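Novice: As a plain string of letters, each chain reads:
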Amino acid sequence: MDIVGKKQNGIYVFTVSGRLDSNTSPDFETRLLGVIKEGDKNFVMNFEGVDYISSAGLRVLLKASKILQNSAGKIVLCGLKDYIKEVFEIAGFVTIFPIFSTVDSALHQF
Amino acid sequence: MTAGTLSLHLRNDLSELATVSKNLEEFATSLGLSKRTMFQLNLVIDELVTNIINYAYRDDAEHRITVIVRFEEESLVMRVEDDGIPFNPILSAAPDCSCPVERRVVGKLGIHLARQFADDLVYERCGNRNVLTITKHVREETLAEGPQKSRSN
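Those sequence lines, one after another, are chains V and F. Here the first sequence stands for residues 1 to 110, where the numbers follow the numbering used here. Here the second sequence stands for residues 1001 to 1153, where the numbers follow the numbering used here.
The set of hints was computed from the structure by calculation and includes no laboratory data. Just so you know, these numbers come straight off a predicted model, no measurement behind them. Every residue gets a Cβ at the ideal spot worked out from N, C-alpha and C, and that includes glycine. Please note that the accuracy of each hint is not assured.
[Said to hold, decoys possible] Calculated cross-link-like contacts (lysine to aspartate or glutamate; reagent style EDC-like; alpha-carbon spacing at most 16 Å):
no., chain 1, residue 1, chain 2, residue 2
1, F, Lys1022, V, Glu29
2, V, Lys6, V, Asp40
3, F, Lys1108, F, Glu1124
4, F, Lys1136, F, Glu1073
5, F, Lys1035, V, Glu38
6, V, Lys7, V, Asp51
7, V, Lys63, V, Asp104
8, F, Lys1035, V, Glu48
9, F, Lys1035, V, Asp82
10, V, Lys66, V, Glu29
11, V, Lys63, F, Glu1073
12, V, Lys66, V, Glu48
13, F, Lys1035, V, Asp40
14, F, Lys1035, F, Glu1025
15, V, Lys66, F, Glu1102
16, V, Lys74, F, Glu1073
17, V, Lys6, V, Asp51
[Claimed, not checked] Stretch by stretch, here's where chain F covers chain V in the computed footprint (C-beta under 8 Å, at least three residues):
no., region
18, 7–20
19, 53–63
Using the sequences plus the hints, can you model the full thing?
Specialist: In structure tokens:
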């Protein structure tokens, strides 16, 4: 798994690629929660390069989303492959995380 | 489509999940399965094995988890065996996937996903072993996406 983070117009964009499973999700959690702790509250997750996600990866997003509830922040996703999006649907995560096709359309949600 | 079987004997260590995904990818590719089917197969086994590694053992000893995947009559039949405490994932309560984020629970999602992506689940307690048999139907159009397989006759 690779994570690249950069701030774009006040929004923190994480570009994630590879696998988000129980081995890699702790790193993802450390990165995301670290940035939240520093005060950022609006995030775009570009999952274009993500070819695998398990409940371990979903948990990180849920945990971050729960923390962001207190600061009225949000996480918006984009670039999900169809079969990855299906997991979000089955887990009922599409009601928590808005999903868009591109980074640009995701950035417009803020 | 030629039949295929994959047998994996795993230690109760999360690092073994990398072995699982590598072997499943080779197996699925050899059968010409789509990326979607390959992903769902990997997810089902990942969630079940992760759950076993995290919760099945009451000691710190090394244990073996056996995973066997067979492809037969357009179905993937997975058999997962462990010698942990009795656990029937079929009876595990499903998490509430529609409530607001503040009431969502972080646990139980893995077993829920595994069940949702399986077409049929059978649990047996055989002596001191949990034996779970999972069937996943592979649709015709999924098979057609893969490379042509030569018949063995």
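Novice: All hints, please: hold or fail.
Specialist: Comparing the hints with the structure gives:
{"no.": "1", "hint": "F:Lys1022 - V:Glu29", "result": "violated (24 Å)"}
{"no.": "2", "hint": "V:Lys6 - V:Asp40", "result": "holds (11 Å)"}
{"no.": "3", "hint": "F:Lys1108 - F:Glu1124", "result": "violated (21 Å)"}
{"no.": "4", "hint": "F:Lys1136 - F:Glu1073", "result": "holds (11 Å)"}
{"no.": "5", "hint": "F:Lys1035 - V:Glu38", "result": "violated (38 Å)"}
{"no.": "6", "hint": "V:Lys7 - V:Asp51", "result": "violated (24 Å)"}
{"no.": "7", "hint": "V:Lys63 - V:Asp104", "result": "violated (25 Å)"}
{"no.": "8", "hint": "F:Lys1035 - V:Glu48", "result": "holds (15 Å)"}
{"no.": "9", "hint": "F:Lys1035 - V:Asp82", "result": "holds (10 Å)"}
{"no.": "10", "hint": "V:Lys66 - V:Glu29", "result": "holds (13 Å)"}
{"no.": "11", "hint": "V:Lys63 - F:Glu1073", "result": "violated (41 Å)"}
{"no.": "12", "hint": "V:Lys66 - V:Glu48", "result": "violated (24 Å)"}
{"no.": "13", "hint": "F:Lys1035 - V:Asp40", "result": "violated (35 Å)"}
{"no.": "14", "hint": "F:Lys1035 - F:Glu1025", "result": "holds (9 Å)"}
{"no.": "15", "hint": "V:Lys66 - F:Glu1102", "result": "holds (6 Å)"}
{"no.": "16", "hint": "V:Lys74 - F:Glu1073", "result": "violated (46 Å)"}
{"no.": "17", "hint": "V:Lys6 - V:Asp51", "result": "violated (21 Å)"}
{"no.": "18", "hint": "7–20", "result": "violated (count 1)"}
{"no.": "19", "hint": "53–63", "result": "holds (count 7)"}
Violation of the numbered hints given earlier is confined to hints 1, 3, 5, 6, 7, 11, 12, 13, 16, 17 and 18; the remaining hints are satisfied by the structure.
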